[in-house]
Amino acid sequence: MFYAALLRFIRRPLVLGIIFASSLTYCIVSFLKEGTNKSMIYQDVSMQHKPFVWRTLQEHNETVDIECRNSVQGRALIVDDRGYVCERTGIGKNGCCIIEAEDTSRYSCQSCNEDHCCIIYEYCVSCCLDPKQRNMLQVVLSKLTVEEHVLVHSLADDYELCLTKCRTSSHSVLHENSYKDPGHKHCFGSTPAETKMES
Amino acid sequence: MGSTHCIKFFTLYLLLKNITCTQGNSCNGTASERIEYEYTTDIVRSEYIITFTGYYMKASRENYVSAALKNAGIKNWTMVTRENRAKDLPSDFEVITLNDNHKAALDALRDHPAVRRVTAQRQVQRTIKYINEDDCQSPECLYAGWRQFRRRSRVLNSLRKPHENDGYSSRKLLRTVPRQITSVLKADVLWSLGVTGEGIKVAVFDTGLSRNHPHFGHIRERTDWTGEKTLDDALGHGTFVAGVIASKADCLGFAPDAELHIFRVFTDNQVSYTSWFLDAFNYAIMKKIDVLNLSIGGPDFMDHPFVDKVWELTANKVIMVSAIGNDGPLYGTLNNPADQMDVIGVGGIGFDDRIAKFSSRGMTTWELPHGYGRMKPDIVTYGSGVRGSSLNGGCRSLSGTSVASPVVAGAIALLASGVPRQNLTPAAVKQALCITARRLQGPNMFEQGHGKLDLISAYQFLREYEPQASLSPPYIDLTECQYMWPYCTQPLYYSGQPTIANITIINGLGVAGNVKHVTWHPHLPNGLILSVSMEHIDIIWPYSGWLALRFSVLESGADFDGIVEGHINVTVESFDVSFRQKTRNMTLMLPIRARVIPVPLRSRRLLWDQFHSLRYPGGYFPRDDLRAKHDPLDWHADHIHTNFRDMYLRLREHGYYVEVMGSPLTCINTSLYGALLLVDPEDEYFPEEMAALKKAVDSGLSLIVFADWYNASLLRHVKFYDENTRQWWIPETGGANIPALNDLLSIFQVALGDRVFEGTFTLGGHTMYYASGTHIHSFPEHGVLVNAQLVDQGQQIMSGGKPSGNAKSNLPTVDVPILGLLQTDGETKDYSNDTMDKLPKAGRLVVYGDSSCLESGAGRPCHWLLLAALQYALGGHVPTSLKEAASKHRDVHIIPSELPQRAEGGRLHAYSRVLAADGSGPRPIPECEDISPLVASPVQAPPAARTLAPRHHPTDPRSIGAPETEGTEPAPRAWRGAGVAPAKQRSDSEEHSSYSNRALMFIAISAIIYCTVIFWKRYGRKMKRRKLISLAT
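Residue numbers (this note's numbering), protein chains in the order written: chain F, 1 to 199; chain S, 10001 to 11033.
Please keep in mind that the hints were generated in silico from the structure rather than gathered at the bench.
In this text the structure is predicted, and so the values were computed from the model without any measurement.
Every residue, glycine too, gets a C-beta built ideally from N, C-alpha and C.
Heads up, a few of these hints could be off.
[Unchecked claim] Listing some non-contacts, in silico: residues in chain F with all C-beta distances to chain S over 12 Å: (1) I99; (2) T104; (3) S105.
[To be verified] Label pairs and their in silico Cβ distance ranges: (4) F:E67 to S:G10371: 39 to 47 Å; (5) S:W11016 to F:A4: 16 to 24 Å; (6) S:T11012 to F:R134: 50 to 58 Å; (7) F:S142 to S:W11016: 46 to 54 Å; (8) S:F10351 to F:S30: 52 to 60 Å; (9) F:E67 to S:C10928: 48 to 56 Å; (10) S:I11009 to F:A4: 19 to 27 Å.
[Stated by the list, open to error] Straight line, CA to CA, 25 Å or less: simulated DSS-like cross-link-like pairs of lysine-lysine: (11) S:K10058 to S:K10075; (12) S:K10695 to S:K10841; (13) S:K10452 to S:K10186; (14) S:K10075 to S:K10103; (15) S:K10058 to S:K10070; (16) F:K143 to S:K10229; (17) S:K10841 to S:K10694; (18) F:K93 to S:K10582; (19) S:K10288 to F:K93.
Work the whole structure out from these sequences, hints included.
Below is the structure:
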């Protein structure tokens, strides 16, 4: 009885039409999606579509009991995710720069030039984290996503964007085996480093 | 132009050395490859093969031999037993060992009627390698490829010829290859403890990997950086490398449960760019990779973006493992990035525990000419005939350091999963591998590094690891042969150029650190004569640094003969976040032992000019042999301990002491030396140096020059297009810088010409090969000249490189002056019959036009010529071999030639140590470096043990315990993440989502079909009816 009614219901032209239309749309959309996936990013990675987060100044400031991420690699300096640069010895147990330490500075653009290229990596990251750079970084990010770049998909927030953007990359080299600018090689601007000719 | 003009090429290391017996060793240009046999034979002392006239049983053979030897009265002999299945069958030969009086015994044996002949026992080793026609050395395919030269990365193609292991049946010279590499290294012991590589992220930078390969279970990610729109491996290199690390089936890998991250950075044509690597490396940092395998490399250690990036990776706690290269057995052939001090550079050995012939070796050459190379490779492991995954899902055997590198990377991934996470820094792992490595008997430290990988001991070491710093090598025993070669070959003496040891500091205390202080403690009573000066890197980063020690003897030890000992204490300081917020100090003791002898005679001391040698990378400096077009760059450093190693050994055998000049000639007291060797110099000379040389020769220093080709138009001709940098490369000099050399030699009225000759000739009873050399253009009347019949190679190349062919006789040969002997201040004559005091006061000059024959690996070495030249230069005695060859007429102008001109628009000044960078001529002469010695604080100490090498006892595989973590959940990282947000819960792999996608799609498609069918059923009939109606009307 119930079964027959259901059957009759879904045999109605209108219902059939809706099912047909929605299924067709789904098919077309997913085919298109797969197609663009194939041509744009042919990468076999586990995509966790983490939304990109612009952290607010307040989040930058959450200190005391939180733990910081920091740039592990520095020769002498370390930058944490709040934008503080400090000496290696000025790192607290939670991975944050100790703000009270003498050499700690925030959003420091030391060694950087007007093209947003810096000599020292840690200052590049710190400078890049400055909320004043937000607008420019948004342009940078939109440009990046256009490029079929697997790297961009794994970025989670502005700190990761700055860490990644400041590293030397394929945009930093001239003739493959030399830097475009051996001095200011860490850049976070929207334009890649200018080729600097030695005398 | 600011770019350093140099070529970058990576090579994938895969060398096939299948022992296959196939005919065909002619170079006929039709076959794409051929097989070349290589024999090395050694006479086995005191063993002889007796061949009989017929086949006899063992007893009768023995009777014959004993009867023959009894007659000759020889009792001291034994028969070599041959344990094989033929021993019970009649044989026609016997091998015996004679202990004394060989000659009488052999005569007696030969006289015996049943003996046909007696021959010395030879040990024959035969290796067969595939040679691609492109690499053909024979004259038939001589010059064809200069302009088409396309970097060395092509080599992989030719060598990479799949041959399944089970496809051949031939004799093996190596010991039987074990089935599984993992069981040889006892990885199964760790597997049985539940250590399987779980939770360790291993990155493979290679040619990709197919998703559906049956051997792999945990391919976490595959990314392509080449833009080829594929992730699959078409070459088999990446599959093999990944298989050695993590294969789960058939030919097992070391860490079957490790997470594989496949980075495809080589195209199917083996093209690769630095920029691809940079982006891929950035992604690897982002993904917090634990172990990264690079079975790639190239000679360009001056590719700063690449080198800096590798350091950056290490600083981000990525353990870098790389293959040392397949350019052995030549020395000075280490490849980047394996030669970086932070990377674990892996060399290859065979299953017979001997260094594989292909494995690159020798010191690093970054530090030349002022310093001395570091010890590399770091460790060696099996790299010959290892079984791994093949493209089609089966297994294959391959050889190469490409194979050895993933063996180590896989081993690290395995042991890493069984030890606490905080112990997993690049420094700790490198220390674990190096300190526990088993040293091989025989090879020196520049061949084997710390020795052979011992997986179980390394595991145990890392389990109990305490953060520490260590030194590599851990001691300096300048007397210990073979391991401390070449240090042990030449003792120290007063006034000699300092002997330099370049120590690598591996700092497990933290990413960055510094050398706080260094103290020198000579051991009383003799140690005080040794002077030690020290230089070190400012900041030890990343996890590694260098410390260079220069040893010299004080004047008080000028007559001392014996052993001196002492030790150096190095304090390393590091700030460590994970260690109670404190700066940690560690003092390391470096034992030192050296042999000191009284100062040798002046006529025994030679000075080797390293300062004026320029090489690739930096600029395009071509090889000295124009036929070596498969490897056209001069990159072996031209040092007596690298590619001139064989020459150095010969000189030492003949009692000469060779010292290296790493600074301008003006910094050297030339009155101490008998002769200065200028071999293959590429740089210019300071005017001050020329004046100093003139003065030195006038007061008795002799000069020996081995020059090489130079011709400005030929330089332009041998340019080639480099795909990697997308630029044309023109050589900066010829084989040697003849214009500069001519300036130097002009003080003796000697000049070399600009024509290039090649050919085989006989000189003094030796067959010589003149591989692209220059000739003598002008020479003083009173000099002695030697001519040879040679072919004009320059003209041949310029005229389009017609093959000279085997029919050498067809080619016009010219009588060319190639060797000149000159007494600089008087008649050149033989002074051997005169007394020493009649010998002219000024030195002598010997000039030869080709230097390739002095290099190791030369087909026809001319070390004898160098020795003969030295005999003349140091004693004034013209060897008879040269005296006879000297041409009667001394006319150097028998062939028309010009003086070579410096190439216009040349960029030598960009690489020169002498010319100013702006091209305005020579720069001001640098100040002679004078490093003040360390203050000696002597201590009383008993003589050290026979060997200074620290002993690390191997761990018994049965004694090791299971990891505390039990391999269930990886322990949390103790370090603060490298910038990436704390890992979120991973949604259950994308495989899951792709399945659900497919299911949804299936449902949607069936719904569409269903709807269409229903519509058709209902309205199709109506339509038909309507159609009929319309037709009817």
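Check your understanding: Which hint numbers does the structure go against, in order from smallest to largest?
Key -> Going through the list in order, the structure violates no hint and respects every one.
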